[in-house]
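There are 2 protein chains.
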Amino acid sequence: MQATVLDKQLSFLREIDRLKTVVRQSPLLDNSRKENSAEHSWHLAMYALLLNEYAGGSVNTHRVVQMLLLHDVVEIDAGDFPIHDESSSNSQAEEESEAAKRLFGLLPQQQGNEFLALWREFESAETEDAKFAKALDRFQPLLVNVFTSGGTWKENDVSLEQVFSRYGPVIQRGAPLLWDVCEQWVTQHFSEQASRASGLQKGDKE
Amino acid sequence: MQATVLDKQLSFLREIDRLKTVVRQSPLLDNSRKENSAEHSWHLAMYALLLNEYAGGSVNTHRVVQMLLLHDVVEIDAGDFPIHDESSSNSQAEEESEAAKRLFGLLPQQQGNEFLALWREFESAETEDAKFAKALDRFQPLLVNVFTSGGTWKENDVSLEQVFSRYGPVIQRGAPLLWDVCEQWVTQHFSEQASRASGLQKGDKE
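For the record, the sequence lines run as chains A and S. Numbers 1 to 206, taken from this note's numbering, label the letters of the first sequence in order. Numbers 1001 to 1206, taken from this note's numbering, label the letters of the second sequence in order.
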């Protein structure tokens, strides 16, 4: 028997349940556990609804929200590639591209093509919608790190310069006003870290 | 110093991180753990994007997605009230209404009012958008129960008649074609349960 349109849609919706089991490096703000990619996607969609006035260009919020809701489903096959892991970024792109084809291929053809096109648009980060979506996808974990006293930066021994270079260009490009705030947060965070470290050192000597 | 518009938006976005720690009764499809309300909201938004053709009336998908993204944030204060728990539904409505005022009150006034209005529209379930959103909010856990061999129905000893009365009217009202599928699933599920139980009984006697 041939699968109906609804069968295909439900089979995709069941398959992406697995995104709830893909664990990211970022913690929750209460530091109780790591965040998973499904709840991360929900949170980003809320960021997009509330912060669209800070987009660098003119954006269609509904498209931005859609991109953010689906941007990570490829991790079901390809896993999460943490920003501070510098290995294998070529194979990552290939694996994600294959994952997108398989997953969106579960859908009825037209919807599958639409989702695949949106995912590719997000990845290419060339349109205003995609630039803003990408900026939020960097902004949220930066905020989490600042408000959990270092989060993944502490774990991975990441410097102020590395934060600036890994987050800065993407956030600045898609949401310049949000980057202004980030610069202040990050500078303050690392300066506090430095004075704490020097305080400790001084304490050691005394 | 007065909180800026952005300060208020970020303080709301940080506060709702707590939705990731509100645990629902429904399991994940792989039965590895219970679902939380943030990832549930993400999943529902994906349902809305893909299944809008089954809405009973003419809907604005962007509004439906927004409602589903924010519909559960009140649980941060009020907790999750499981569908199969029949106690205290009056106090539930009050607690949720207070929670909505507090949480959306963290936002800049205009955005807070917009979100509060959307949440109330969802709760009232009178507009086409809200009816469809509500239908999906019932449809997803029903699907989970069917595909996890009973899920919360088994745990709470819920009968076929109770499933029909607790899920049926809401799904039928907002997404009649989806209810047709549910009826088949539910009937088949309970008939399989019954033949398994009678097989066991027969086995006991022999």
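None of these hints come from the bench; they were simulated from the model. Beta carbons: idealized from backbone N, C-alpha and C, even for Gly. Keep in mind that the hints are not guaranteed to be accurate.
Restraint ranges, calculated between C-beta atoms of paired labels, are given here [stated by the list, open to error]:
#, chain 1, residue 1, chain 2, residue 2, range
1, A, Glu126, S, Asp1180, 18 to 26 Å
2, A, Ser165, S, Phe1081, 45 to 53 Å
3, A, Ala3, S, Val1023, 30 to 38 Å
4, A, Ser165, S, Gly1057, 47 to 55 Å
5, A, Glu98, S, Val1023, 30 to 38 Å
Results of checking the hints against the structure:
In this structure, A:Glu126 and S:Asp1180 break the distance hint of 18 to 26 Å, their C-beta atoms being roughly 43 Å apart. Take A:Ser165 and S:Phe1081: their Cβ atoms lie about 47 Å apart, and the range 45 to 53 Å holds. For A:Ala3 paired with S:Val1023, a C-beta distance near 33 Å keeps the hint of 30 to 38 Å intact. A hinted range of 47 to 55 Å for the beta carbons of A:Ser165 and S:Gly1057 is consistent with their spacing of about 50 Å.
For the pair A:Glu98 and S:Val1023, the supplied restraint of 30 to 38 Å holds, since their beta-carbon distance comes to about 34 Å.
The structure fails hint 1 only (numbered hints given earlier).
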